[in-house]
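Participant: Those protein sequences? They're chains A and B, same order as listed. Under the working numbering, the residue at position 833 of the first sequence is numbered 833, and the numbers go up by one with no gaps. Under the working numbering, the residue at position 439 of the second sequence is numbered 439, and the numbers go up by one with no gaps.
In short, the hints are calculated from the structure, not lab data. A portion of the hints provided could be inaccurate.
[As the list claims (entries may be wrong)] Calculated cross-link-like contacts (lysine to any residue; reagent style SDA-like; alpha-carbon spacing at most 20 Å):
{"hint": "1", "chain 1": "B", "residue 1": "151", "chain 2": "A", "residue 2": "437"}
{"hint": "2", "chain 1": "B", "residue 1": "121", "chain 2": "A", "residue 2": "322"}
{"hint": "3", "chain 1": "B", "residue 1": "151", "chain 2": "A", "residue 2": "653"}
{"hint": "4", "chain 1": "B", "residue 1": "21", "chain 2": "A", "residue 2": "669"}
{"hint": "5", "chain 1": "B", "residue 1": "212", "chain 2": "B", "residue 2": "405"}
{"hint": "6", "chain 1": "B", "residue 1": "121", "chain 2": "A", "residue 2": "668"}
{"hint": "7", "chain 1": "B", "residue 1": "21", "chain 2": "A", "residue 2": "584"}
{"hint": "8", "chain 1": "A", "residue 1": "437", "chain 2": "A", "residue 2": "472"}
{"hint": "9", "chain 1": "B", "residue 1": "21", "chain 2": "A", "residue 2": "668"}
{"hint": "10", "chain 1": "B", "residue 1": "151", "chain 2": "A", "residue 2": "679"}
{"hint": "11", "chain 1": "B", "residue 1": "212", "chain 2": "B", "residue 2": "222"}
{"hint": "12", "chain 1": "A", "residue 1": "584", "chain 2": "A", "residue 2": "618"}
{"hint": "13", "chain 1": "B", "residue 1": "186", "chain 2": "B", "residue 2": "249"}
{"hint": "14", "chain 1": "A", "residue 1": "233", "chain 2": "A", "residue 2": "322"}
For reference, the chains in residue letters:
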Amino acid sequence: LLTSPAWTYAGGKNPGLEKKSTTTAPLAVDVMGTVTDESGTGLPGVNVVVKGTTQGTTTDAEGKYKISVPDTRATLVFSSVGYLKQELVVGSQTSINVKLSPDDQTLSEVVVVGYGSQLKKEVTGAVQTVTAKELKDIPVSQVTQKLQGRLAGVQINQATGKPGQGMSVRIRGQLSVSAGSEPLYVVDGFPITGSIGAINPDEIEDISVLKDASSTSLYGSRAANGVVLITTKRGQAGKTSVSFNAFAGVQQVPEKGRIKMLNAQEFAQFKKEYYEDDAKPVPAEFQNPAQYADKDNDWFGALLRTAPIQSYNLTISSNTDKARTSIVAGIFDQEGVILNTKYTRYSLRMNTDYDVSDKVRVGFNIAPQYVFDNTPRTDGDRGTGILFNALHTWPVMPIRDANGELTKFNTFPSSTGNIYNYPNWVRAATELVNQNKQTKLLSNAYLQYSPISGLRLKSTINIEFENNKFFFFNPSTATSAMNVPIPTTAVSIRQALENVGWLNENTATYNRSFGDHNFELLAGYTNQRFRQEFSRIQADTYADDRLPTVQAALNINRGGTQNGVNDWTLTSLLSRLNYNYKGKYLFTAAIRRDGSSRFGSNNRWGTFPSVSAGWVVSDEAFLQGTPEISFAKLRASYGIIGNNNIGNYTQYALINNTVNSVFGSTVATGAAVTTLANPNLGWETTRQLDLGLDLGLFNDRIQFTYDFYTKRTTNLLYAVQIPQEAGFGTFWDNIGEIKFWGHEFAVTTRNTEGKLQWTTNANISFNRNKVLELAPGIDRVYGTFHITQVGQPFGMFYGLVKDGFYRSQEEVDSSPIVPGRSAVGTIKFKDVNGDGIITNGGDMDDRTIIGSPFPKFTYGITNNLSYGKWDLSIVGSGSYGNQLWVRHLYSTANLDGVFNMVEGVKDRFRVQSIRNADGKVTSRTVITEGKGMYGATNEGGNYTGLERDWNSSHFLADASFFTIKNITLGYTFGKLQKFFQSARVYASVQQAYVFTKYWGGPNPETSAQADGGGDGGNLSQGVDFSNYPVPRTYTIGVNLNF
Amino acid sequence: CKEDFLTVTPETQLSSATFFKSEADFVQAVNATYAPLRPMFNDRAWKLQELHSDNAYYARNILYGAVDPTENLADFAVPTANGVTANDNVLQQYRLNYQIIARANQILTTIDGVEFAEASKNNLKGQALFLRAFAYFDLIRLFGKVPLHLKPVPNREEAALPLSTADQVYAQIEEDAKAAAALLPKKATQEAGRATSGAAKTLLANLYITQKKWPQVEPLMKDVVNNDTYQLMTDYSEAFSNTTSNKNNLESVFEVQYMEGAAGFNGNFMYQFIPSPVTIDELKPLTGTSNTQPTSQESNNIPTPNLIRAYETGDKRKDASIGYITLSTSLRTDKKFPYIKKYSRTHSLHGNTGQNWPVYRFAEVLLFLAESLNEQGKTAEAATYLNRVRTRAGLPATTATSQTDMREAIFKERRVELAFENKRWFDLTRTGRVKEIITAYGAEVKANPAAYYYPDGAVPPPNAFTVLDDYYGLPAVESALTPHF
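Take these sequences, add in the hints, and give me the full structure.
Facilitator: Here it is in structure tokens:
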């Protein structure tokens, strides 16, 4: 029926090769026919388009179509999702029946890889792809949230529930001392700076995650943390469509997981017992706890609300033969579950491709967006974060006064054991302004020229523009800080930040086959520049909170007022050779040379090569007799990649020009070199080996992928201490070594076929690391709660080992103790060094490694079911074997009763003190041993301080979890009236349920260090300050196709 | 072109790539080289060079349990093993000196590559040379052997140098101070507070005195005495600056400059020397501040009975140098404490003072000259210079006529004239009298702790007066970072 060469497969790599029709006289012809699948069943909804025109139709329920074509030279294009496109010249036929072949996933799926795309079958690196289709309906603002649970070897945690923020992505456990761990994000070929948090997920067509050195080495000095390639939606060939997606819903913080604190009566009862147990008079305020029975103040709860979320996206995809355009316009609006928090995004993306001629194609993408968010200092340690502060505020302190007004400020007399003043946190949340307005524009343009068959020359220009305006205002009536009296000094901060980046890439790709030998050669030359300018003005002391302008401030804070520039450039040469023999023996070699302004002048160029090989075993004759194995491929790769997050000017000896002096009564400005230049400074180097297996069983009903990797990161950026006879304290150098290794398994199964279709995707990853070397002579680096020690994994939890409590005076007398501080009912620690005494401090004390912030494994499972017009998907994501440091316990379980406490304190160890006439304690008898979590309160600080102040396993909690991230149930209507091609409605629950034993807070994914930046960076992962909780979200939504 | 594209220097921060290109840059660099002197003289130098002598002691507050590194200095009990000590004051003094040296080295290696007016260049070079010599002279007298850096450290590997001997370091100080003396202007034409040719000559004379090169001292000091504008102030207490006035006066050869106020150039050493616990009412007469606050820290640099005895009857300097304060909340029965009065000047705000620290005064020039003359056998001529100092103090001419008596007279005169000016420790070491004098002083303290400000019943720690070496151990923290010590 079909006559070659009048047709060709499309979607391949050589769009210029489509055959042209020949010239005869024009004559309109009516053509009709039936489109069927391989089994001969009629296929409905197949697009039938006259090539080069907008003229087209779709097949009906039986697969029949009828179309009028201008003449017999016309070419018809038949296309449908999931099938290979076919093109046919009409010629003399008036009836054309077409059988479409399924687009077999394994064999012809194309995956986006660095600087191109590749048949999935021929990929030799470790690449995992997720398509937009798999991610739809998930009601979140950030694409990284949608990826949770989907990717093997990629740990994605939501460290805070702040709208639009807080995602941490770590590929294959990569980390470094001071150079970050976030992967490189590449949007339509443009490596953007920063994260992709603000990109509208609906603009995305698919995502490729490049994990091993062979897939990432073309990104050279930026590839060590892995690369995430984002491809945005482009006009579909042969298809013009309009679709509208919308959802709306509500978010709330589930009861489970909220930290249970003492209520007002329980708190008063604790205080009463505190004094009674210690044989001291009970302050009048706490003699009758029952008086607070109906006067509870839930400070944490008062900050929460049920909040709406909504999203609207209009997608238009249009196609003529020469031009393809995709437009995505979106509005996303999320109020936060904490008062006064908000995230709003308006976004637009227009992608256009235009075929100027058979040989020349141009394209433009333009994606402006505007993001507004406000989050009034919710997260952080005691004293700085509103949530932490609210947790430990006395519940006997009123949120509202007798008139129902919010109190300004609360305190209790010092005779009640209160030592702090508490501003009203509800006021802090509602009155503080902490907003950011971001305007962002991403734009690409390309020109592609194919002078001869197989050769493609492409030049691109990419522009990134971002403008951030940050405004903070702390009025005189409220503050997020502890112990600050109200009225306080009003403070305003204005910060403006402008980023401009551009990238020019010029590549040549040449495809050629000689018999069974297939080659593809890529070469490229690129230049990129990024510039950031920022300024910050901090002003304080306002007469009127209504007017927080700079000019209305009585004082400009010079320390907080500054401006600066960050600038870097990168020039690169890159090349790749793909070779395969019969598509069976695969080989790839790639190399990139990066010259970077960040590198020292003696070390300006880095070379990042990789090689990889694959063997499609299932194509071998010896497996042909094994039909159970439909596909099998072995992969191996090795390469060197870098991390250039070493700061823009670290190589230079910087001058501090405020080292001033005074002569007589005259101040003379002075300038001194404050850091040493390092002209040899370079990138962090990672050498990675990957071994992989891809397997398809039972006609690909089971698809399985396994990868093992091992890598070593050397030349870590590190501030090495140097002898100060040099005049300086530290020297930034490339030093130290960390080893990483791990196993990743991913499996996709089609469990049932037919009317009930059920597929499962599951993955599990085991990531490990070990520090092999730090600076010369340095074998350990202490963090506040952590230690990084040679021979151990990076940043382990470090402290004393809790060994219960001293249960009797005999036990105190016969055990190692802290002299003068250990007593009956106080926390008991293990004498790790065996010297008979408990010590805390120095290299030889009783502290040891007590836990790990690293999971033993992480996993995810997604089930998709459809039955007729119903569809259901359930996404789960989990982590096992890691701990969190419950930082807030040092306040919320402070047994001195200075703060409100967690409910568990009710079941503390209790001891009755007996005092003599002089008030001296003569004996202590046990009232109850409690549940073993919290010690006795007697005599305060000197005894209770051990439990509170000495870092120990007391603070560690198992943070294993499995979270049902999303459940979506949908129903698809058929063709609705004449407007809708199709319509679907769905209901979705996001963050549906968290299975966990974690007791430290609402979010077992939390970490004070979301992205390896900030205080302590990677040296202090896994600390829970009680951050913004991740809400549960209920939504209903529609997908309409016009 | 490609390298240009890849060269991106910080625009809003100066870097070595853009700095050290003009006269103005070197002016700023020289200014910054003086900056470490402020914390050094405010917080550290007096602990190592005066409290660590028989001139001053430490008044304990036994409620504080921890052993203090400052207390160890007063007690001659600085823990030292294998030539290193963990004493923090030793570490900080070492580091501040090397900050000065590193900044001076940076200037001296680059300044000749930049063209600008010779007079200005000479002045700037002279200041950098003076400061480098000054820092090395302090280091070598404290430690006896130190690394000798004369160029900026280029990289991590070359950050540590082997220890140089005293003779090697002395030779460098001599070369630098000589060059500085030739390059620097006299005080009359130099901006007040900066190093002058007179200061450089005095430093050089101090070096020669330490080396006992007496004939070289004489012409240098005579030059300063006869050909420069220095004079003794009429009244001894006028030799010391107030917090806003009388700075860099006619007697001053070199002072560390402080400025009262919020700009961050203030000192507070006066507060560190006030005995405590002191109440607002007791403190206010000394400070005159509008916001006086009580202090309860331990008490440093309290004049010793031994020093107080050394003043001759009628010496006006005694009352000008030492005052008394009664602390009503002291744990001692005798609640009267001496304190250093010569630095006690009224000022505006608590803890924020502006009086300069006297490093070299004309009185010391005269005493250097007297000492060098006497050591050359010109004892009679020496007496004339010694007597100029004594006369101002209200004392009769010296009775010493033999070289030995004159040596002792000058030694004693230096003790009282220059008390609390960080001279005593180095006078003990350069004359080889540490063991003799400190052993006797220690016996006195141990025999009568109450007279040495111990609360009733308290005694000196068992290791007091056991470490009587001329040199401090090198800092342990630095030792851990260098292969050379």
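Participant: Tell me the numbers of any earlier hints that the structure contravenes, in ascending order.
Facilitator: 1, 2, 7
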